[in-house]
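Asks: Protein chains in written order, with our numbering: chain U, 1 to 161; chain P, 162 to 322; chain X, 323 to 483.
Just so you know, not all the hints are guaranteed correct.
Here are the simulated lysine-lysine pairs, DSS-like style, with alpha carbons at most 30 Å apart [what the hints assert, rightly or not]:
no. : chain 1 : residue 1 : chain 2 : residue 2
1   : U       : K115      : X       : K387
2   : P       : K226      : U       : K46
3   : U       : K115      : P       : K276
4   : P       : K276      : X       : K437
Here are a few chain P residues that face chain U, going by a calculated C-beta distance under 10 Å [to be verified]:
no. : residue
5   : V167
6   : E176
7   : R292
None of these hints come from the bench; they were simulated from the model.
Virtual Cβ for every residue (Gly too), placed ideally from N, Cα, C.
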Amino acid sequence: MLAMGVSLDARIAIEDLYATYVALLDARDYDPWIELFVEDCVYQVKARENEERGFPLAALAFESKGMLRDRIFGITNTLFHEPYYQRHLVTNFRIRVDERAGYRVDANYLVCRTKAGELTEVYNTGRFRDRVVELDGAFFFAEKRAIYDSELIPNSLIYPI
Amino acid sequence: MLAMGVSLDARIAIEDLYATYVALLDARDYDPWIELFVEDCVYQVKARENEERGFPLAALAFESKGMLRDRIFGITNTLFHEPYYQRHLVTNFRIRVDERAGYRVDANYLVCRTKAGELTEVYNTGRFRDRVVELDGAFFFAEKRAIYDSELIPNSLIYPI
Amino acid sequence: MLAMGVSLDARIAIEDLYATYVALLDARDYDPWIELFVEDCVYQVKARENEERGFPLAALAFESKGMLRDRIFGITNTLFHEPYYQRHLVTNFRIRVDERAGYRVDANYLVCRTKAGELTEVYNTGRFRDRVVELDGAFFFAEKRAIYDSELIPNSLIYPI
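Here chain U stands alone, though its shape is the one from the complex:
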């Protein structure tokens, strides 16, 4: 009941999915990272203010794996930017079964950023409000929504959160 109807196997598999997500993302290993999403995935990065007031405006909003792939192509090939390292900490998972839609997964996150020759700093904090689905025994992100606390993001948001 407290475990909200989620089997232990699903729980472990979902936490592993997040561990893989942050490992690949922080290593900028984008090709396998994209494969953690289903084809018709939703990916959003949105300010908490907008989320809570019901405003649709998001800093990033992709509605398919193809759009996400385009963004990654932009980052790695064409988009001019000063590179930085990211380091994610994702904690305190709440996992609920959604009969029609897999699993609803919420978790707090912190992303630190390190630019070349600079100290590490807090970059972005917030809450993931995700949906995870199981396909043939493996788990994937159907929706990933990062709802961030600060309206300000240092410089612009280049890499996925």
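The hints should help you fit chains P and X onto chain U, whose structure is shown.
Replies: Structure of chains P and X alone, referenced to chain U:
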């Protein structure tokens, strides 16, 4: 033995209790948040220096759910303050069975703070030294003690940690 | 499969090992902390740049428990330094069985630092790339390698990460 005598079910239920705690607290959803405590709970926020030297002085010290409720009433109704968002990360749980007193739960925590129109910053770090009890199959905080690392807290401490 | 062949018992024991590691290290309780390592352990703290380019240079590199013990003796007895508190958050574990060598364990970490009379700040972030072994039912670090994101470390690195 390494698992310190704690059943897997209790472990999951206790980690879920913390996940619920931070979700509700960071969402400022105080009414269900208070219901995570037992009636005669202890809630303290105390500097590590004072804790280690055995000094009783605490930044916040409440000795019942009623006192905690008063504080929340103050925050939400009367206490003049500049609002800010909190984001908790609670990690690396150590859970031990205490035959007379439920479970002793320690964990490291980090709270980030975001003020309107400002960047997110580290607000408070420390260690929870808590006691959790099971009542009719549900888990509650009997003691929550946040032992924080810095004698300085940016501005004053408004919201619970 | 997603759990990468790691039994639930091993998983719990390994996460407990890390919880004990950070609890003891942040409490500066070094004597039991050292006992979490095997005798011929490797302990390294190394910049991500050097790691990714295959350079051997590390900020700290110890090749036995004896060397680690010497370092701790230096910190607690002879090394002149301004003390500070550390607070570790270690999250998003990836654990894999390595038939010849126990378990390969990777995890993201954040260390915050608090100096006397100052605010808490982000000190160091990175990734542990560790090897853990089981001896007589207990788990120990055979290799602990902290690969950190910033080439800059505020002042010098005194305490272990």
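Asks: Of all the hints given earlier, name the ones this structure violates by number, lowest first.
Replies: 1, 2, 5, 7
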